[in-house]
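S.K.: Sequence:
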Amino acid sequence: MTTINLTINDRPVRAREGATVLEAAREAGIYIPTLCYHPALKPSGACRLCVVEIEKMRGFTTSCTTPAAGGMVVRTETPQLQDLRRGILELILTEHPHPCLSCHRRHRCQPTDICLRSDAVTERCVTCAKNGRCELQQLSDYIGFDEMTLEYRYRGLPVEGKDPLLDRDYNLCVLCGRCVQMCQDARGIGAISFVNRGSATVVGTAFDRPLKDAGCRFCGACIEVCPTGALMDRETRLNPDADLEKTAVPCRRACPAGIDIPLYVDLISRGKFQDSLAIVREKVPFPGTLGRVCIHPCEEACRRGELNQPIAIKFLKRFVADRDTGAWKKYARRLPPTGKRAAVVGSGPAGLTAAYYLGELGHAVTVFEALPEAGGMMRVGIPDYRLPKDVLKKEITDILETGVELKLNTRIESLDALFRQGYDAVFLAVGAHRGMKLGIEGEDSPGVVDGAAFLRSVSLGEKVDLGRQVAVIGGGNAAIDSARTARRLGAAKVSVIYRRTRAEMPASPEEVEGALEEGIEIIFLVAPLKIGRKDGRLALTCQRMALGAPDTSGRARPVPVKGSDFTLEFDAIIAAIGQSPLIPGFDVRTGRGSLILVDDCLATSRQGVWAGGDVATGPASVIEAIAAGRRAASEMDRYLGGKGHIDEELTAERQTPMHAGKDGEFAGRERVAMPCLAPADRQGFVEVELGYDEQAAIAEARRCCQCGIRTQIPPAPCAPARARACPPVPEPASH
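Position one of the sequence shown corresponds to residue 194 (our numbering), numbered consecutively onward.
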């Protein structure tokens, strides 16, 4: 890199050739005040706050647009420059709320305090969500602002809140042009611009159209570069203490495993399917499984849902997983053997995930599984029509190829035996396979089975005879899976009995919809009372329920309706109201529901033993179990002498291109539906969801707002704190 030498404030500075004076100063740690300048944008010199004096050049010049040259002598702080900047700042503040800037109480005043100067609430800095993070506020402190000499005019413009996700407060806008530059030049979207002329100029859309109609992508890049809070996320404006990362990129924060969702969705939109899969695989070893059965909390958080429907993040994950060529494997980490041995008890998502990362870190790992097949509840608790065996088997094979040893049909009854065999650390991930009791009379009658045992028997190929009429009690995914499985086994009528309404059902909405399409009856607001027998069949006495006040789960509590008892007859009853773990003599502390007690690091009460997944949390989800496996692997690696670093990079693709381009139809694009087998064709256990083709996947990925682009935008230069003597606090008047 070619460099040049210049002098700034009597200090020799070496700068890269082609840098501006402002860039040369910044790289040397010398601050020059700016407002319109932003490192992600082309400099314009519009605000003129960055003016400097350069020897042999007449007048003052904007440092952001002036190329640095060899031998140049620059001064950034002189009395004349300070006066000029103070005058520019005062002009800006003639139409910007600012009374707090000259108040000695500002740094200790709270938004709810009574203003001693009687300034309006809408004009006070301390009531602004940007307070403490406002660049204009920082500039005022640095340049030095006491009182206005020019007339201040509060414009009293309304806060524009008719658009989704963001608010526009024209009273705070200083017309720096950053947002316009970002939208038009950097992003190429062109939804906003300067409108009107003269003193009426504002940043807005042509003909004052809603942003949705102006082609806005709602990426939030304009918000990221706004210095004053004129553009803000609505959640942040209404709640200044809101987590900015969660507000800006909520899908990534919502994922328990921390998958970089915006990036992998963007890569699909650009046709880079293997790179997209690599991004997913950096955090989870089960992309194909999650692409089918994940509870997708990311979609609930997706900002696109505020426009119409959230991005089909789960379906897109399946799309790239189904096209896996194994390209990611050549970048996978394989550290040298450490000489340490780790035992994993249970081969479900938590156990296999921990084993995968521990193996990558060089530890010798053995997984012990009591069943004849690996996969835990993924293998014996989720039916094939949702998760085909070959999909899961391939992903388990990928894990075993790293050197992880798997021992099937091996039940571990004692941890002491494992330590005697030379294992240095143990991870308990035995899941929750024991069905919970209904707690009613007759539940042990022949023909009454628990959902977990029923699904396990079917998955392992055991013969199960239910008869023609089957009841399933419960409202979770296990209940819906049991009902749809019973239907496939030949039951003519299957009735799901649930004590709340559909709105409170914990089962995935798409699974409930699938059950209804297959002719399964769901009886809401009904709870079982007892089970008897009548003419050789099971007689289920039930009671009608009504919804009362919320319970500890946040859902409305079902309240019995007096005198509403009735009886239904069935050939079989499947109880699917939950599961609990079955803990052998592991000599670790357990709590309510036989769950193993762990600390924040997933460590149990016994040294060298960790636990995670359903055995520690109770029945949860595959993605939550995977997250627990990741955490356990990191903590166990530290215990075994490593640094606990399990993250890796499996592709060189790390960023979304800044330029997005125009798409006038963006806001109205509907979510691409998942193609499914017609209900009449759902015979046996053939997979119901057929998956996206390339055209559908790219179309769906292009609906993404690209919220993640905000994390790629560098911060604006921050004014250093400059000590200024505060005026003395006046003594209270004596009475």
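Mixed in with the good hints, there may be bad ones.
Calculated pairs, DSS-like style, for lysine-lysine (alpha carbon to alpha carbon, straight line, at most 30 angstroms) [said to hold, decoys possible]:
(1) K522 - K465
(2) K586 - K656
(3) K686 - K723
(4) K439 - K235
(5) K235 - K855
(6) K656 - K630
(7) K405 - K235
(8) K522 - K855
(9) K630 - K727
(10) K522 - K582
Label-pair ranges, simulated between beta-carbon atoms [as the list claims (entries may be wrong)]:
(11) S650 - K755: 35 to 41 angstroms
(12) H852 - G784: 50 to 56 angstroms
(13) G877 - G837: 31 to 37 angstroms
(14) D378 - K586: 47 to 53 angstroms
(15) A435 - T760: 29 to 35 angstroms
(16) T694 - Y524: 46 to 52 angstroms
(17) E438 - D637: 50 to 56 angstroms
(18) R446 - D378: 25 to 31 angstroms
(19) T694 - K836: 35 to 41 angstroms
No lab work stands behind these hints, which were simulated from the structure alone.
Beta carbons: idealized from backbone N, C-alpha and C, even for Gly.
S.K.: To test your reading of the hints: which numbers does this structure violate?
M.R.: Going through the list in order, the structure violates hints 8, 13, 15, 19 and respects the others.
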